[in-house]
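Put the complex together from the two separate chains, hints included.
One letter stands for each residue in the lines below.
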Amino acid sequence: MTGMIEYLNSIWATVPADYQYLVIVTSQILAVAMTVILTVAFTTYFERKVIGYMQGRLGPNRVGPFGLGQPFADVLKLLIKEVIVPAKSNRFLFIIAPLLAITPALAAWAVIPLSDNFVIADIDAGLLYVLALTSVGVYGVIIAGWATNSKYALLGAMRSGAQIVAYEIAMGFALVGVLMAAGSLNLGDITRAQAGGFSHWFLFPLLPLFLVFFVSGVAETNRAPFDVTEGESEIVAGFHVEYSGVAFAIFFLAEYANIILISTLTSIFFFGGWASFFEGWTFLGEGHFLRQPSFFWLAAKISFFVFVFFWLRATFPRYRYDQIMRLGWKVFIPITIAWIAVEGVMSWLHWGPWSGSAG
Amino acid sequence: MPEIQTFTMNFGPQHPAAHGVLRLVLEMDGEVIHSADPHVGLLHRATEKLAESKPYNQSIGYMDRLDYISMICNEHGYVLVIEKLLGITPPIRAQYIRVLFDEITRILNHLFWLGAHGLDIGAMTIFLYCFREREDLMDIYEAVSGTRMHATYYRPGGVYRDLPEAMPKYQASKWRSKKSVAKLNAIREGSLLDFIDAFTVKFPACVDQYENLLTDNRIWKQRTVNIGVVPPERALQLGFTGPMLRGSGVEWDLRKKQPYEVYDQLDFDIPVGTNGDCYDRYLVRVEEMRQSNKIVKQCVDWLRENPGPVMLEDRKIVAPTRVEMKDDMESLIHHFKLFTEGYCVPAGEAYAAIEHPKGEFGVYMISDGANKPYRVKIRAAGFAHLGAMSEMVTGHMLADVVAVIGTQDIVFGEIDR
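Here the protein sequences line up with chains A and D, keeping their order. The first sequence: position 359 = 342 (our numbering), numbered continuously. Positions in the second sequence are counted from 1; adding 1 to them yields our numbering.
The following block holds chain D by itself, in its conformation from the complex (with noise of 0.2 Å):
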């Protein structure tokens, strides 16, 4: 009798649901999986390899690269670890700015998520819907940084600048009517601070928004309900972390468990799930939604209360202003210092970690005491979560290798490095 052989099918790297360059080798029995090997390394770039050989501040910028759907966070990560090595802490108003950023970024990947799951198993309005609101994020972070996507925005010792008293706002132009720029500019009248209030208010409105269109829609619920099941201890096994973990019922968050920043201080509540499927990693990442808005709004409440510094006076880490640069001959030596050669850190080793949209992010950083890290070693949450594709596919269909792709929420920014 012959043996049956299986099915081999390349899904990706060019594929579309394959959420970059994701390539999976899938074993199959006519629609049925036997098992998934995911192929990864397609997009190294080698980014830990690259911090060895510049000044520690040059490889914020890289940070945003990684996992390019949550930039900001990723820089958290790196600007925290070398503030543990230098031993030093930013001033408070710093730290709401950063938990302000982390939510509003957390808020940024969700919906990237969420749109992007939702087209992945067929429902594309949801990522129109998603982007819409995407926008006024982006603005948050154009008005802060100057650019919408890789702000390099944090610095070891606060933030690069405090939050602006104006938006950018929109220009009349061949397409875009008077009428209509000032209709878009209303709500850019005001600082920063006004613009993410007023985006506070309306954002729980558009989570219902989405959550009409899927949480009782029956076919949203066949497609993710006890698909890729994974139990709480075989999570914990398989070192998920973040959404991916809580979504199968531990409770089990950084921003609790180890506060950083000034977490400690903010009212929120973690989410959980029960079953631990595609669907149960929906409702917690939709709740973390709600619950970031919540901490957005305490951090703005808080931010226009307590004007201060945002950065650290130390010169020997911090750049001067300007101004300063321009007429005192010290703060010149330490521009030019910090501009060439960086500072140094310390001989010594650390491991900082923060809660990022996808899991725990962390950096652990060697340190010989040049201007140069010895050694950056990334944990990428999505690296520990791609591991698990095999079994959490296996004996589940086609389709369904879609929807825990997307369930994932795989940056192959990250995972590659």
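Pulled out of the complex, with its shape left as it was, chain A reads as follows (with noise of 0.2 Å):
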């Protein structure tokens, strides 16, 4: 055996090193790529049930033990359904639209980072890379919309375009401050400068902006109260309305992996991303496994986001479109404003986040 692993090293040490950081990156990607979508997989269900709970039904029970089999059934389903392309719509865009949505949300985890030593693509410009592609996603939806030629669909992508317009701004305001107190736009920087308990996370010098960058994040993936691009009893499914099997699977599974994608961003931004929440607390022993930090503090974090989510849905009315209008530009818009300069404030009188760094 060990022979064999030692044949293997020898063969892999030919190998060139661009070829072998080649290798390397490809399956690092498609790791995180295929865990993404299994999750989203899952987190169909865990919402399907979550729900079900919430409203005193049971959700998918038939499919497997416990119905955990419903995901794949549903994959199933969606794969060997027929896409139907309308008449009248423009095909090729029609097609590519899909495409567009789900890219940038699975090319977004390229720079987040799961644990203190995992990441793909350990970039300086992290957040910003993040910030644009989180933006990009909203062309799959506009152009969906548009090459759909169904009026009910062109009125969904309009409402999409402003809504993600407003909040994108928020969210950006929002993460200034994240900047401004971790001092990095490397997600990795930005965990790190949370180190040190609970006390020590963003959440509590932020906790505006982190209420607004989950709200924000709530509407940018247009899940319940912020749903209009698709609200079923208004405009019927809005930009998707026209699509099936295949190409609805894969705007299905951009929205899904977006919420995951918030989720963790709002775990990395403001919980600390992979910090345990018990790191300093001495009653625990030295060493004890709650104390380190781990990937599986991430990940319960983003768990529970993503429970909040499906909890929102579960008990909110949805939002009018001017409504979502006037809260982004005239609530979310001040409200971060104004808290970058009591940031300002509190930066110069070395509070909080700052006060380790020099006059």
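Some hints here could point you the wrong way.
What follows is a set of in silico ranges between Cβ atoms, one per label pair, in the way DEER data are often shown [to be verified]:
no., chain 1, residue 1, chain 2, residue 2, range
1, A, Gly39, D, Pro308, 30 to 40 Å
2, A, Trp312, D, Asn227, 14 to 24 Å
3, A, Ser227, D, Asn227, 31 to 41 Å
4, D, Lys175, A, Ser227, 30 to 40 Å
5, A, Gln3, D, Lys175, 49 to 59 Å
6, A, Gln3, D, Ser181, 57 to 67 Å
7, A, Tyr36, D, Asp217, 21 to 31 Å
Pairs of lysine to aspartate or glutamate residues, derived as EDC-like cross-links and limited to a Cα-Cα distance of at most 20 Å, are as follows [unchecked claim]:
no., chain 1, residue 1, chain 2, residue 2
8, A, Lys134, D, Asp38
9, D, Lys184, D, Glu136
10, A, Lys134, D, Glu32
11, D, Lys295, D, Asp209
Per the computed footprint, the stretches of chain D lying under chain A, defined by three or more beta-carbons under 8 Å from a beta-carbon of chain A, are [what the hints assert, rightly or not]:
no., region
12, 118 to 126
13, 212 to 222
14, 396 to 407
No lab work stands behind these hints: they were computed from the structure. These figures come from a predicted structure and were not determined experimentally. Every residue, glycine too, gets a C-beta built ideally from N, C-alpha and C.
This is the structure in structure tokens:
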């Protein structure tokens, strides 16, 4: 056995360094992408179970034990359905739109640090990269709405465009606050800046920004109560009204990948990412696994925020389009700007996250 | 300069918020509605015409299918007008049972309305909560008539049969264990009245739960306050009735103003709104559920104390029982006549109206003395409400159209007839 490994290692050593890098990164990308897609599958299951119990129902419980096979049954059903392209649609754009939606949703994971030592691309402008990619996702929605050549889809696309513009700004301003506190655009450094127990998390000094960021995230992903782009009782399904089969499944995948992405970003920006909640709690004993920072802490935080997404969906009625605009432009953007000013003062006085910085 | 064209959108008839088969042609400027043109008739089933070709009793079942959310109330209007033409009054116990079932139906209707209205505005959980309670009410329907929806329970001269002494029970199956069945059946051990009584006890807490989700919810208020405002004068001009009129602040309820059956002996209040917007109509309907619950409770108490006949003994109108029919020659003849020819109603015309959950439901009937009506005209409350659609939504946004359709509580079965 050890001979085998040594033999493989010797082959590996002969591969040029550039190719080694290519193989490693490609396998990392595949691993993360597959994990995200599988997580999406079970997120749909999780959503249906959570909302089911909130509504006094059981949720899926027929396919496999506890209905765990349901996501795969759904995928299979969508794969074998025909993708109907409406006669008067723009065929090329109609097909390309779902891809435009899914690509940024998956590509954003490249800079997400999943633990202290795992990130596919450890770039310094990680935060800008994430902001840029989440904004690109809206092209998929707008192109889908336009290419379908349906009035319902067009309305959905228009709403989506306006909504993303409004909330992207609020989100950007909220991230300016994070940037000020962490002093870095690198997501790993932002997490490390929050090390030292949960009182060091940015949640407390940046509480309003956290709320704005998370709510904007809900709006960006077009989830209830901001799901006007697909509000089924108004414009039926909005931009994806004419999509079926795999094309629809890809939109669905993108939506859920974005939910997980927003939950991850919230955990990283405001909840210390992979940092442990119990860091520095001495009664647990030195080296207790609960005190160690690990991927499981990040996973727990992500799951919590995903749960909050579903909780919101089960609780709230849908906003009207103009009310969403009002909330974005007249409430969130002023709050974030005001809080950035407050942060400036805090930084000047060396409070909170700035207490360590030299005067 | 080019003229700016409005955006015409075809809303329905296949639309998740169209409440059946409403087709609205919307003229829009972006998201803002310039005018709405409702098209009706897609669910026309010629109920009025069909009623002309069959004996009186055979049309009772058609009435259930008019407004298929509040089935028994439709029967009530139809049965009442026949009784008026015949000049008969059902026994007092039958009147109480009718009031009991009218109010159960009102709760049934308002629960459905609340669930559908919530779902239209995007609150999906309320829908399932409402349907949870509707399930019990459907069981009450089933216990008394054998069906969960189209009961065909009222008859001219009373109701088809007295309230049963036992409730139908769940049975264990592959999907339902003995234990869960026992739990479900625990409340069904007694008579129907016990079951209804238990329902009235638990129901106010359920309404609190719905209100908890919606009444003070900021998004719910943003979506309903000042949407579809109808001032009281205009509401009267448009022929509004029921909660639509009371939401505008006009205190008009046939149960109080023109009491039929035993409503004048019962204690209940009529809620009215102040602004005439969707939110007020929501509050009015929620309060009506509480008041109906109160009436149901009073009826249950009365019915427990006062056994008696639930049908007239007049064999020219009401069929004899099976036992009588088997022993008695004359009963057999009556039975045969009633189930072939039916009864003849003296020539004349009459209008009878009831306070249907949606408003005034009236039946106008002309008899030429035959065993079939010469003409039946049904006044459906929803028809007048739908007529106000355009003026209620003009100037609002697309999402408000859905809120207004919801608040009007439209059911196409009765509008298209």
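We went through each hint and held it up to the structure:
Distance hint check: the CB atoms of A/Gly39 and D/Pro308 are about 37 Å apart, consistent with the given range 30 to 40 Å. Against the hinted window of 14 to 24 Å, the Cβ-Cβ separation of A/Trp312 and D/Asn227 comes to about 21 Å, which satisfies the hint. Take A/Ser227 and D/Asn227: their Cβ atoms lie about 39 Å apart, and the range 31 to 41 Å holds. One distance hint, 30 to 40 Å for the beta-carbon pair D/Lys175 and A/Ser227, holds here, with the actual separation near 34 Å.
The beta-carbon spacing between A/Gln3 and D/Lys175, approximately 57 Å, falls within the hinted interval of 49 to 59 Å. The beta-carbon spacing between A/Gln3 and D/Ser181, approximately 60 Å, falls within the hinted interval of 57 to 67 Å. For the pair A/Tyr36 and D/Asp217, the beta carbons lie near 24 Å from each other, so the given range of 21 to 31 Å is met. A C-alpha spacing of about 17 Å is found between A/Lys134 and D/Asp38, which places the hinted pair at or below 20 Å, so the restraint holds.
Of the pairs offered as hints, the one joining D/Lys184 and D/Glu136 holds, with about 15 Å between alpha carbons and a cut-off of 20 Å not exceeded. Taking the CA atoms of A/Lys134 and D/Glu32, the gap is about 11 Å. The hint holds against a cut of 20 Å. In summary, the hint linking D/Lys295 to D/Asp209 is supported, as the alpha carbons are separated by about 15 Å, within the 20 Å threshold. Restraint check on the region 118 to 126 of chain D versus chain A: 8 residues with Cβ-Cβ distances below 8 Å, three needed, restraint holds.
Against chain A, the region 212 to 222 of chain D contributes 5 residues with a C-beta closer than 8 Å to a partner C-beta. That satisfies the three-residue criterion, and the hint holds. With a cut-off of 8 Å between beta carbons, the region 396 to 407 of chain D has 6 residues touching chain A; three or more are needed, and the interface restraint holds.
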